[in-house]
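Engineer: Taking numbering that gives the first Met the number 0, the leading residue of the sequence shown gets 0, the next gets one more, and so forth.
Any given hint might turn out to be false.
As the list claims (entries may be wrong) - The calculated label-pair distances, taken between Cβ atoms and stated as ranges, are:
(1) R38 - I11: 18 to 26 Å
(2) N42 - E18: 30 to 38 Å
(3) V40 - I11: 26 to 34 Å
(4) Q63 - G26: 20 to 28 Å
It should be emphasised that the hints constitute simulated quantities derived from the structure, not laboratory data.
Only a predicted model underlies this, so the values are computations on that prediction, with no experimental measurement involved.
No residue lacks a Cβ here, since even glycine has one placed at the ideal position from N, Cα and C.
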Amino acid sequence: MQNDDPDVRLMIAFQAGDEAALPDLYGRWAGPLFRYLERIVGNRAMAEDLVQDALTGANREIVQR
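Given these sequences and hints, build the entire structure.
Structural biologist: Following this line, the structure appears as structure tokens:
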């Protein structure tokens with residue numbers, strides 16, 4: 000069964016060892032996540048830190064599976 004969701008495909012590729020998929024995932028999610036978090040916390044630096052923490056945590060979870 001093939002998944003048509005590009006994010007799922009990228010996560011599966013990264014989990015399978017395709018390290019080139021990680022920058023693609025980051026590129027797709029860092030901007031939208033940053034804008035969302037900046038609106039919520041009202042602080043640019045804190046939003047940047049939260050994005051980094053979230054994406055690092057996601058990376059760790061993908062690798063462990």
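Engineer: Indicate, hint by hint, whether the structure satisfies it.
Structural biologist: Comparing the hints with the structure gives:
no., hint, verdict
1, R38 - I11: 18 to 26 Å, "violated (31 Å)"
2, N42 - E18: 30 to 38 Å, "holds (32 Å)"
3, V40 - I11: 26 to 34 Å, "holds (31 Å)"
4, Q63 - G26: 20 to 28 Å, "holds (22 Å)"
Hint compliance for this structure: hint 1 is the single one not met.
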